[in-house]
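K.L.:
Please put together the full structure from these sequences, using the hints given.
Protein chains in written order, with the numbering used here: chain A, 333 to 457; chain B, 60 to 509.
Hints listed in this document are in silico derivations from the structure and should not be mistaken for laboratory results.
The following label-pair restraints were derived from C-beta to C-beta distances:
#1 Ser380(A) / Ser176(B): 44 to 52 angstroms
#2 Thr232(B) / Asp404(A): 37 to 45 angstroms
#3 Ser376(A) / Ala72(B): 54 to 62 angstroms
#4 Asp416(A) / Leu260(B): 30 to 38 angstroms
#5 Leu260(B) / Ser352(A): 40 to 48 angstroms
#6 Ala287(B) / Asp416(A): 19 to 27 angstroms
Think about it this way: if two alpha-carbon atoms lie no more than 25 angstroms apart in a straight line, the pair counts; the simulated BS3-like pairs of lysine-lysine are:
#7 Lys480(B) / Lys255(B)
#8 Lys212(B) / Lys344(B)
#9 Lys394(A) / Lys344(B)
#10 Lys379(B) / Lys394(A)
#11 Lys212(B) / Lys383(A)
#12 Lys345(B) / Lys394(A)
#13 Lys493(B) / Lys420(B)
#14 Lys212(B) / Lys433(A)
#15 Lys383(A) / Lys379(B)
#16 Lys344(B) / Lys379(B)
#17 Lys345(B) / Lys212(B)
Heads up, the beta-carbon is just placed ideally off N, CA and C, and yes, glycines get one too.
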Amino acid sequence: MNIPGNLKYTESDEWFDPSSGKMGLTDYAQEQLSDIVFAEILVSEGDSITKGQAMASVESVKAAAETYSAVDGNVVEINEELVDSPELLNSDPFGAGWMVKIEGGDSTGLMDASAYEKYCQERSQ
Amino acid sequence: MTYIPHSPNERDAMLETIGVKKLDDLFKDIPARHRFPDLNLPPTLSEMEAAAELAGYAEANETTQTMVSFLGAGAYRHYIPSAVDHILSRGEFYTAYTPYQPEISQGTLQSIFEYQSLMTLITGMEVSNASHYDGATAVAEAVNLAYAQFRGKRTKVIVSPSVHPQYRETLRTYTQGMGLSLVGDDARDDIDSGPKEIETLIDENTALVVVQYPDFFGRIFDYTELAAKVHQTGGLICVAVNPTALAILKTPGEMGADIVVGEGQPLGIPLSFGGPYLGFFTTLKKYIHKMAGRLVGETVDNRGQRSYVLTLTAREQHIKRDRATSNICTNQGLLALASAVYLSLLGQKGFKQVAELCYNKAHYAAEQINKIEGYSVCFDTPFFHEFSVCCPRPVSEINEHLLEHGIMGGYEVGKDYPSLKDRMLIAVTEMNSKEEIDLLVDVLKEVNHE
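P.N.:
Pasting the structure below:
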């Protein structure tokens, strides 16, 4: 399981990159969902978004899940590529599989990589 | 074998747990005299006697078996090859339910896959679901798709007044409480004007435009321009169709439709006094995730053999809950099979032949009726197998007269469109002989001269 050290994490398995403002779904989450066949970003460029608000909806072959914004902020870009290539969420969750890019996000209160790793391990037991 | 899951011991243990001595105590709040009321029933009958009595009741119905019929308005009488029923009644197929388990349901799954393939061929669309209850509910699911596609942000649905009145009623029932406004079919004098009339209503808030093809009055319009107009503002267009007509007409797919739905009854399903029928639903690949209903896909099993499974199920409400497009995820399995068998038996050529027979006979009938003094075909718009006739007297009177001659006349349009008085909708299919049509014409003549 991949947990990059430069990112921050939520208890609902989203990551937030404080330097780029991008958010997405963690490697742990994509593995739980298995093959993702559909992704829909629920916010648009220019929307303001609050922490905990649904930002995307994904469907795998057997499950459906919502992903929530990790922070408050303004949406400056959404990843249009996910509509045609939802499998990017499986193959590159921290890279090409990013979902929404925001401006003004404050990562205070989010888990760092080691806390998130511990959190994942607890749930795997 | 009776199936009672609880043993007396278990029952006693349950009673003891809830603090009741005996089972009867649970019913003590119901007055004794209401527990087993004396029903005033006639003496018991033997099976033979009961069958005779029920047959007697059934004979009181006038049916299309014994009468000449020109009644359509959404349900059409066609010849059904006897093999359709024989295949339907096979034990392996005889359930209306969609199978979940590919391990034991390959035959049923394949039949649904074939049905879906046939529906996309007929409509000229890319994907079909495993079916809905009937044409009306399929139209309603089109609204659900459009609503989900725009995530509730577009709130206007334009419905042509020449969409079947019952479909429009069902639409309104389904969309209650969704915050949508359904416009375009308000009562007005020129309610029978064509698609140009609704074009002016299209705007940025329009999620979906719903039209019918051929429309309720039997007319054929090319919706290509309308579709282009809807797409200019980013909205979707749904065309509700009569599938038989598509055997010889330009498909809605060719016109640029986003969703094509319809009543599948004309495809091998008997009239049956109004149901059960079959709703079909087809759309484009890009909307597949917002489509309601079950979907069967083709795949390969672990031995590399072709096989079939329910697919993309995560879009459905048992998984996606409140974010699902619809709370319908069952299908009309047995009747979808009936239409797949019907179409397979007819083949492309036979299906086209049925449509041509309908078209030619209807046009002969229209021509003859148009010649009768006092009667005229209301529109000069092209039509398929149904047309509106402007009559010299109230339709109910004419129909009463026709009934005396063993003829079920056409539908009384004024029932649903009060401003369109004295109009009769006449449907002619391959089942109507030339003699029947000539008889209709003769009796219509008589009515006018009385």
